[in-house]
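Knowing the structure of chain L, use the given hints to seat chains V and U on it.
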Amino acid sequence: MRSFVSNNTSLLSIRNISLEFRTRTGTVHALENISFHINPGETVGIVGESGSGKSVLALAIMGILDRAGHITAGEILWAPNSTTTQNLLHTSEKAFRQLRGKELSMIFQNPRTALNPIRKVGKQIADVLRCHTSLPRAQLKPHALDLLSKVKIPDPKQRYDAYPYELSGGLCQRIMIALALACGPKLLIADEPTTGLDVTTQATVMNLLKDLATEQQMATVVITHDLALASEYCDRILVMHAGHLIESAPTRHLFTSPRHLYSSKLYVASPYLLISIDDLIPIHVNLPDLRHPDLPPCRFVSRCDRATDKCHTQPLPQIQITETHQVSCWHPLGRNDDIGMMSDE
Amino acid sequence: MTMSPSQQSSANNPSVDQQSAWAQARYIISENVVTFGAFLLFFVFVLFALFGNAIAPYNPLTSNATIALSPPTAAHWFGTDDLGRDVLSRVIVATRLDLGIAVVAVALSFFLGSILGTCAGYLGGWPDRIISRIIDTIMAFPLFILAMGLVAALGNTVENIIYATAVINLPLYTRVVRSEILIRRDAGYVEAARLAGNGPLRIMAMHLFPNVLPVMMVHISLNMGWAILNAAGLSFIGLGVRPPTPEWGIMVAEGATYIVSGEWWLAIFPGAILMLAVFCFNLLGDGLRDLVDPRMRT
Amino acid sequence: MSRPSTPTLIIRRILAALPSIIGVIIITFTLTRALPGDPAAYFAGPAATQEAIDQIRETLGLNRSLPAQFFIYISELFRGDLGTSLTTGQTVLSDLLTRLPASLELTLAGLFFSLSLAIPLGILAATRPGSWIDHSVRLLATAGVSLPTFFTGLLLIYLFYFRLGVAPAPLGRLSILFSNPPSVTGLFLIDSLLAGDLKLFWAALSQLVLPAITLGLFALAPLARVTRAAMLGVLSSDFIRTAKASGLPSHTVLFGYAFRNALLPIVTTLGVVFSFLLGANVLVEKVFAWPGIGSYAVSALVASDYAAVQGFVLTMALLYVVLNLLIDLLYTVIDPRAGVES
Numbered sequence: 001m002r003s004f005v006s007n008n009t010s011l012l013s014i015r016n017i018s019l020e021f022r023t024r025t026g027t028v029h030a031l032e033n034i035s036f037h038i039n040p041g042e043t044v045g046i047v048g049e050s051g052s053g054k055s056v057l058a059l060a061i062m063g064i065l066d067r068a069g070h071i072t073a074g075e076i077l078w079a080p081n082s083t084t085t086q087n088l089l090h091t092s093e094k095a096f097r098q099l100r101g102k103e104l105s106m107i108f109q110n111p112r113t114a115l116n117p118i119r120k121v122g123k124q125i126a127d128v129l130r131c132h133t134s135l136p137r138a139q140l141k142p143h144a145l146d147l148l149s150k151v152k153i154p155d156p157k158q159r160y161d162a163y164p165y166e167l168s169g170g171l172c173q174r175i176m177i178a179l180a181l182a183c184g185p186k187l188l189i190a191d192e193p194t195t196g197l198d199v200t201t202q203a204t205v206m207n208l209l210k211d212l213a214t215e216q217q218m219a220t221v222v223i224t225h226d227l228a229l230a231s232e233y234c235d236r237i238l239v240m241h242a243g244h245l246i247e248s249a250p251t252r253h254l255f256t257s258p259r260h261l262y263s264s265k266l267y268v269a270s271p272y273l274l275i276s277i278d279d280l281i282p283i284h285v286n287l288p289d290l291r292h293p294d295l296p297p298c299r300f301v302s303r304c305d306r307a308t309d310k311c312h313t314q315p316l317p318q319i320q321i322t323e324t325h326q327v328s329c330w331h332p333l334g335r336n337d338d339i340g341m342m343s344d345e
Numbered sequence: 001m002t003m004s005p006s007q008q009s010s011a012n013n014p015s016v017d018q019q020s021a022w023a024q025a026r027y028i029i030s031e032n033v034v035t036f037g038a039f040l041l042f043f044v045f046v047l048f049a050l051f052g053n054a055i056a057p058y059n060p061l062t063s064n065a066t067i068a069l070s071p072p073t074a075a076h077w078f079g080t081d082d083l084g085r086d087v088l089s090r091v092i093v094a095t096r097l098d099l100g101i102a103v104v105a106v107a108l109s110f111f112l113g114s115i116l117g118t119c120a121g122y123l124g125g126w127p128d129r130i131i132s133r134i135i136d137t138i139m140a141f142p143l144f145i146l147a148m149g150l151v152a153a154l155g156n157t158v159e160n161i162i163y164a165t166a167v168i169n170l171p172l173y174t175r176v177v178r179s180e181i182l183i184r185r186d187a188g189y190v191e192a193a194r195l196a197g198n199g200p201l202r203i204m205a206m207h208l209f210p211n212v213l214p215v216m217m218v219h220i221s222l223n224m225g226w227a228i229l230n231a232a233g234l235s236f237i238g239l240g241v242r243p244p245t246p247e248w249g250i251m252v253a254e255g256a257t258y259i260v261s262g263e264w265w266l267a268i269f270p271g272a273i274l275m276l277a278v279f280c281f282n283l284l285g286d287g288l289r290d291l292v293d294p295r296m297r298t
Numbered sequence: 001m002s003r004p005s006t007p008t009l010i011i012r013r014i015l016a017a018l019p020s021i022i023g024v025i026i027i028t029f030t031l032t033r034a035l036p037g038d039p040a041a042y043f044a045g046p047a048a049t050q051e052a053i054d055q056i057r058e059t060l061g062l063n064r065s066l067p068a069q070f071f072i073y074i075s076e077l078f079r080g081d082l083g084t085s086l087t088t089g090q091t092v093l094s095d096l097l098t099r100l101p102a103s104l105e106l107t108l109a110g111l112f113f114s115l116s117l118a119i120p121l122g123i124l125a126a127t128r129p130g131s132w133i134d135h136s137v138r139l140l141a142t143a144g145v146s147l148p149t150f151f152t153g154l155l156l157i158y159l160f161y162f163r164l165g166v167a168p169a170p171l172g173r174l175s176i177l178f179s180n181p182p183s184v185t186g187l188f189l190i191d192s193l194l195a196g197d198l199k200l201f202w203a204a205l206s207q208l209v210l211p212a213i214t215l216g217l218f219a220l221a222p223l224a225r226v227t228r229a230a231m232l233g234v235l236s237s238d239f240i241r242t243a244k245a246s247g248l249p250s251h252t253v254l255f256g257y258a259f260r261n262a263l264l265p266i267v268t269t270l271g272v273v274f275s276f277l278l279g280a281n282v283l284v285e286k287v288f289a290w291p292g293i294g295s296y297a298v299s300a301l302v303a304s305d306y307a308a309v310q311g312f313v314l315t316m317a318l319l320y321v322v323l324n325l326l327i328d329l330l331y332t333v334i335d336p337r338a339g340v341e342s
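Protein chains in written order, with the numbering used here: chain L, 1 to 345; chain V, 1 to 298; chain U, 1 to 342.
There could be a bad hint or two in this list.
[What the hints assert, rightly or not] Quick partial rundown of chain L residues pointing at chain U, CB under 8 Å, derived from the structure:
| no. | residue |
| --- | --- |
| 1 | 65 |
| 2 | 97 |
| 3 | 98 |
| 4 | 101 |
| 5 | 102 |
| 6 | 106 |
| 7 | 110 |
| 8 | 116 |
| 9 | 127 |
| 10 | 128 |
| 11 | 129 |
| 12 | 132 |
| 13 | 135 |
| 14 | 163 |
| 15 | 165 |
Treat the hints as calculated values from the structure; they're not laboratory data. The beta carbon of each residue, even a glycine, is placed where N, CA and C say it ideally should be.
Chain L extracted, bound-state conformation (with noise of 0.2 Å):
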C-alpha cells in the first residue's frame, strides 16, 4: 500500500483509467481514458446507455473485475482521510478485501439474486459485521436489527429470520443497503438501484439512500440509465458513451446546456423527460463494436452529424467549459445550441 501526503480533497481519484477484456474472440476495450473524481458527501450520477461501461468501471473500481478485465493505464486514488492516499490498482487483495464492505460499499441491481439465496438476510448482515468489526458474537444479532430498522424495514425480528424469496424487491433492496452500510463506508456505489423495482418503491429506495447519505456523510455513485433518476437525486452526472467518459457537469447545467451531441440527444431519446412519447427522438446506428482494433478516437462519430476529419484522427481532448463542466469533443455544442426543456427541435 502506497501512501503519501496529498493535497487532494477528493475522496476517489480516477486517473486516465484504461481497462480491457481479453476475450475468446477478440480484446474489448471497454474503458478508455477516464478521469473523475468524487469529492466527500456528494452524490454523482453515472449516466450512459447499456455496454457504455458503467458497471464495468464500477467492478474496477471496487477491485471485483472478472478475471478475464485488466486495467492497463492509469490510477484510482483513495484517500478516505487528507493523510492518506493509496492507489487502489497497487493494493494487495488481503488490503482490499479490508476496504471492501467497510470503506467502500457497493449495491446492485436485481436485489433478490443479489443475496444469498440459502441463507437468512439477518445473518448475510451479521456476516458482514463479524467480517469487519470487532463487535463481539452476541452484539452481532442486535446491531444486524438496528440496521434493519435503520432502513426502514418494518417488523425487523421476523425479517431477521427471512430468505430472499420470501421477501419483495423493495425489502431485498433495503436488505443489501443495509448489508452495504453496516460498517460505515465513506463512498457507495449503487448500480442501478432501482431497475426492476416499481416507480412508488423507487422512489422510496432513492430517499432511503439520499437520507442515510446525508446522515452518514457518505459520498454515493449512482449508475444509472435513468436520466429522471439522475436528475432528481445526483448533484453532478457524469455521461459515458462507449467507453468514454465524455461530458461532466452539475445536474442542472447538463439539462440547460448539454455541450455534447450525445448528451443532448440522450435527453429527448428519454421518455421520462418528454410530454408525449411522439417527441421521443432515438439515436440512430448501434454503439460501435468494442472489439475492432482501430477504432477512431472519438467513439461517436458513426453516431454524429457533426463530425469532421479531426474527430477521426486526433485525440479526444478535455474541453473546461466552466470550472465544473468538461465535454469531450471538438465541436461541442455553443451557446446558441441550448437544448432545454422549452426548446423545441
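Just chains V and U now, with coordinates in the frame of chain L:
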C-alpha cells in the same frame, strides 16, 4: 461482368476448388483432432467386428496345452490363456459379440423409446401419464440389478442379455425424446401441419421426430459406451455368454483367477480393449454433441 | 409464501415415495411369477424332481389365479418371507440380513473415498479455470465413465497386491488370521473400534481399501464433474459478487456461500450415482470375494437359486428407494426454498 476475388482465382486455377475442399477437411479435422482420432478408432473396431475372424492371427478356439499361460511374445502379442489359446485373436473376435450385443440392445431401446417418448410428449394426458409411470418404475431400480433380475427370470441366454440391456436403456431414450418433443410440440411448423389436416400419427412420425434425430444421435453415441459396459458386466458375473465363446467380459472373468498369481495378460488385455472401446464411443459422443449443440455440454 | 413445516415436508416426501415402492413390488412380482415358463420349476431348481416341483407349486400358490397370487405375494412380503435359498438352505431374508452389513460398509467406504476426492477436485477445477487441474478433472470425468469397474479392481489387485505387495490378498473382509469383531453394527471398522481392538481395525481397513477405491473410482467421475459445474455456475452468480463486494474473507465466500449453494445439484446427482454404485457393488464384491449381498446374488444366479436372486433384486430396489428418499429429505433440509408452492 465482375467476378469476386474468390471466383476469379477459382476460374484461373481449376484445381483450387478441389484444393479448398481438401483444405476445408484438413481444417475441420485439426479443430477436432480428438474426435477424429475417436472416429478412426471406431472404424478399427467396426473392422474387427465385421472381419474379426479373418484378421485374427490364430483361431480363437484352438487350444494348445503346451503353450498355456505364456506371457506376451512376438508370436503371441497378448500371450496365451489357460488353455493355450491366443489372447489377441480372442480379443479381436470378441469385438463382434460385445459391439453386437450393445448395438442391438441400443437399437431396440432407441426404437421403442422413441415411439413411447413421442407418444407421451405429443399426446400428453393419459398416454403420457401411463408411459411416464412405467419409466419411473423402471428407474426406481438400480439398473444393473434390474438387468440381473430380468436375465434370471427370462433365462440365461445371449438374447436375454440383449433384451435386459434394452429394457434398462429404455428410460433414457423415452425421457429424452419426450422432452425434445415437448419443446417442439407448439412450434410453428407443427401448428401448420396440424392446420393442413395431418393426423397426429403423421405429425409425430414425419414432422416432429425427424427434428429430434440429431440430438438423439448424440445420446445414442454416449449410450453405446454404457451399453457395452453393462453387457460386459453381465457376462463378467456369468450371465449370457458361455465358454468357450470369446467375449471381453467373460475373458476378464476367466482371467481374474490368474491375476493373483501374476499372469496378468489374460484379464488385462481384454479389459483394456473394453475400456478403449467405451472411451472411443464416449469421445465420439462428446464430439457429436459439440457439433450438434454445444449447449448440451454440462 | 412461506414453507410448510419440516415434519409436513418429510411426510409429503415419504408419501411421494410410495408409488415407487408399489411399482417395484409389481415389477418384482411380474419377474417372479408372471413370466412365461413354469415358475415352480425355477423355484424348485435345476436338480428337482417332478414331485418337488409340484409341491413347490402348492406351497407358493402358483396354481392360483394371478390376482390371488399377487395377494399371496404381498402377504408374504409383509411377513418378511422371501422364500428359501436352495444353496444355503436358509431363508433368503436371513441370508440377506447377515450379508447386508458387509455391502453397506463397502458402499459407504467407497462413497466416502469418492466424495473426499471429487469435491476438492471439483472445487479446485472451478476456482482455477483453464489450469492443468481444470483440464485433468475434465479428462478424468470423461475417462472415468469409461472404466469398467471389474477391470479397475483387477488392475489395482495386480499392481498393489502382486507387484508392490502393499495390499493384502483379495480374499474378503478379513484375512484368516483374524476373527470377526463382536457384532454391534455389522460394520467391522466400527465394531473393532468399539471393541478396542486396533489390530483388528487395521486388518479390516487394509482389506477394505482396494475394493473401496475401486467402487469409489466409479463414482468419482460424475461427482467431480457435477461439483465443478455447480461451483462454476454458483461462482459467477450475483450473490457471490455481492459477497465479494462486501469484503467477506475468501474462505467464507467459497465454502459458506458458494459451496453450500453448489451442494444442491451435487446432492441431486448423488441419487443417480447411487443407482450405478449399487450395481457396481455386485461387480466389486465378485472381484474381491467380498461376502456381501452382491456376491450372494452372483452365486445364486450361477446356481439358478431363483428365490435368492429375486429376493436380492427386491431388497436392492427397496434400498434404492429409501436412499433416494433420504437424499430428497437432505435436499429439503439444505434448501429452504424446497417445498414452497410457487
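Evaluation of the provided hints:
{"no.": "1", "hint": "65", "result": "10 Å, violated"}
{"no.": "2", "hint": "97", "result": "5 Å, holds"}
{"no.": "3", "hint": "98", "result": "7 Å, holds"}
{"no.": "4", "hint": "101", "result": "3 Å, holds"}
{"no.": "5", "hint": "102", "result": "6 Å, holds"}
{"no.": "6", "hint": "106", "result": "4 Å, holds"}
{"no.": "7", "hint": "110", "result": "6 Å, holds"}
{"no.": "8", "hint": "116", "result": "5 Å, holds"}
{"no.": "9", "hint": "127", "result": "6 Å, holds"}
{"no.": "10", "hint": "128", "result": "5 Å, holds"}
{"no.": "11", "hint": "129", "result": "10 Å, violated"}
{"no.": "12", "hint": "132", "result": "6 Å, holds"}
{"no.": "13", "hint": "135", "result": "15 Å, violated"}
{"no.": "14", "hint": "163", "result": "5 Å, holds"}
{"no.": "15", "hint": "165", "result": "5 Å, holds"}
Violation of the numbered hints given earlier is confined to hints 1, 11, 13; the remaining hints are satisfied by the structure.
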